[in-house]
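S.K.: Spelled out, the chains give:
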Amino acid sequence: MGRPAIECEHVVTGYPGAPLMRDVCLSVAEGEVVFLLGGSGCGKTTLLKHIIGQLPPLGGTIRILGQDVAAAQGPARERLLRTFGMMYQSGALFGNLTVLQNVLLPLEEFTAFPAPLRLAAARLKLAQVGLLDRADAFPAELSGGQTKRAAIARAMALDPRILFLDEPSAGLDPVTSASLDALIRSLSRELGITVVVISHELASINAIADRAIYLDRDAGGVLDQGPPAALRDSPHPAIRAFFNRTPGAAP
Amino acid sequence: MAPTPLPEELTRPAVEALAAKGGRAGRAFDCAAVRRADGAGTALLWLLRRQGALEGALAPDLAKALDAFDAAQAALPKPTPPPKEGPLTALGRAECGVLARWGAAVAFLGETLCGLACLPRVRFRWGDCALAFVRCGVQAVPVMLLIGFLLGLILAFQSAIPLKLFGGEGFVGGLVGIALVRELGVLVAAILMAGRTGSAFAAELGAMKVNEEIDALETMGLRPVRFLVLPRVLAGTLALPLLSLFVTFAGLVGGWVVMGVLGFSGHYYLDQLQVFVHLKDVVGSFCKAFAFGFAVSAVGCWCGLRAGHDAGAVGTATTAAVVTGIVTIAVLEGLFSVVFYAMGW
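Residue numbers (my numbering), protein chains in the order written: chain U, 1 to 251; chain X, 252 to 596.
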């Protein structure tokens with residue numbers, strides 16, 4: 001296993017006055033593809049918000065590439081933010097910009113590249129996600145799968161070392177979902193990007209996850225973790241139920 | 252000149268350093284040492300190769316990535332220019348668009364008026380109407396009182412100065428009374444309502460359009476006009492006459508304060524109002540208030556329902572609601588002036 005890209009030590013997740021999990025301890029190594037799993041409402045997205053510094057945790061320490069997220073302020077925080085990219089569940093593309101302009105935006109704001117190089121870099125990202133032919137389209141004109149691809153291209157614009165994906169396959173047909181899985185896998189394999197995915201899609205988890213971490217609110221944190229194949233035989237009934245799609249046992 | 256060697260790791264910092272140094276035309280780069288390139292590095296290699304400024308053999312992985320990018324670009328369909336359109340066709344198309352918009356507006360107006368006329372016979376959402384009335388009426392009272400008071404104060408002061416030159420400052424009360432009751436009270440209340448309530452209606456309905464809530468209503472077989480528009484329009488139509496009363500009353504209080512400063516008693520001020528302000532002025536003002544209230548609310552809802560589906564649509568709808576609302580008020584004001592003149596009011 002490589003160096004840790006993300007470390008959570010005794011993190012208390014939730015909102016002030018409404019804690020969700022009281023002791024989350026996990027680590028993600030560089031280059032790994034890790035899925036965060038758990039029942040609906042257990043706090044996966046909240047944990048992700050804590051990790052990316054959007055919401056301060058109620059306790060504990062989160063480090064990205066060795067740097068304490070909560071302690072990073074000012075320019076250090078800006079540098080930290082540029083080490084990772086985030087794809088939101090809805091895509092969160094800017095509706096008044098074209099797909100190409102969406103990808104160009106971080107390059108224009110955070111790099112000193114000359115214009116032709118920025119344009120080439122943005123088009124390269126679109127080619128990597130297979131959206132070069134939709135460069136001039138507006139987000140409203142894209143299908144669900146294309147929106148997610150465009151969002152991944154924008155998240156990758158600054159060549160981040162970590163990519164966070166919130167429900168990338170939600171609402172997509174199996175073929176589009178599989179092609180998105182292949183894209184995530186190739187990003188990890190070819191570019192060495194650490195990928196953290198929140199998803200409930202068993203097919204995606206089985207296809208591309210190096211490791212899955214199952215979060216449970218009653219357990220107050222990580223219930224179990226490991227390769228998907230190993231988790232299928234987990235001693236915890238909730239995890240077995242999740243992987244075997246058994247009703248009732250999962251929260 | 253010997254080519255500039257590129258580093259083994261061609262990542263964003265290295266690319267930025269090269270970009271900072273700037274390039275000269277004809278300068279060549281040696282890529283033989285490059286083993287790894289991120290997105291920025293790959294883009295730089297692609298640009299240099301296209302410009303013929305790249306020397307040395309690329310690592311196989313990088314060459315493959317550049318070839319894949321070239322292939323993706325080559326596979327793009329050639330952009331086809333839009334078909335040329337003559338000026339007559341363009342004019343006709345524009346006219347059709349305008350006519351379609353007017354047609355839709357007339358249909359909306361008809362459906363809203365019919366809906367209001369049929370209120371006793373349809374299932375009406377009185378709760379929504381009450382909530383809209385509180386928002387557009389009750390909650391607007393403080394700002395209406397403040398603006399009305401200041402309006403009366405300013406009007407009285409500004410008219411007192413020239414009237415004093417002719418010894419006519421005693422008529423300030425009458426002037427303020429006529430101006431506020433006949434025109435300004437209702438006009439200012441309507442303009443404030445256009446800015447406050449018309450925009451709010453447009454934003455609410457526009458956001459619902461963006462979130463596909465209006466599509467969901469239609470899919471369930473519910474008419475957006477009955478479900479969303481009628482409660483708001485009825486609330487606005489009933490609220491504006493009351494709000495214009497508040498503006499007028501506060502303005503008259505402002506005029507009374509100025510008259511007091513000028514040395515006239517309250518009794519004299521009331522006598523002046525009784526002499527100059529007649530019942531027909533109040534009735535006419537109420538007629539206008541009902542019409543303005545209906546127009547402002549209906550325009551707000553119309554702009555919201557016609558909003559697009561993108562993020563900027565709500566802002567556009569809100570702006571359109573305020574501008575169209577004020578223009579509609581001005582047009583209606585002109586019509587009322589003509590009608591009242593013809594009636595001898």
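Certain hints may be false.
Simulated DEER-style distance windows between Cβ atoms [what the hints assert, rightly or not]:
1) G585(X) to Q73(U): 32 to 42 Å
2) S90(U) to P330(X): 21 to 31 Å
3) V349(X) to Y88(U): 32 to 42 Å
None of these hints come from the bench; they were simulated from the model.
Don't be surprised by glycine CBs; every beta carbon is placed ideally from N, CA and C.
S.K.: Of the hints stated earlier, which fail here?
M.R.: Checked against the structure, the only hint that fails is number 1, while the rest are satisfied.
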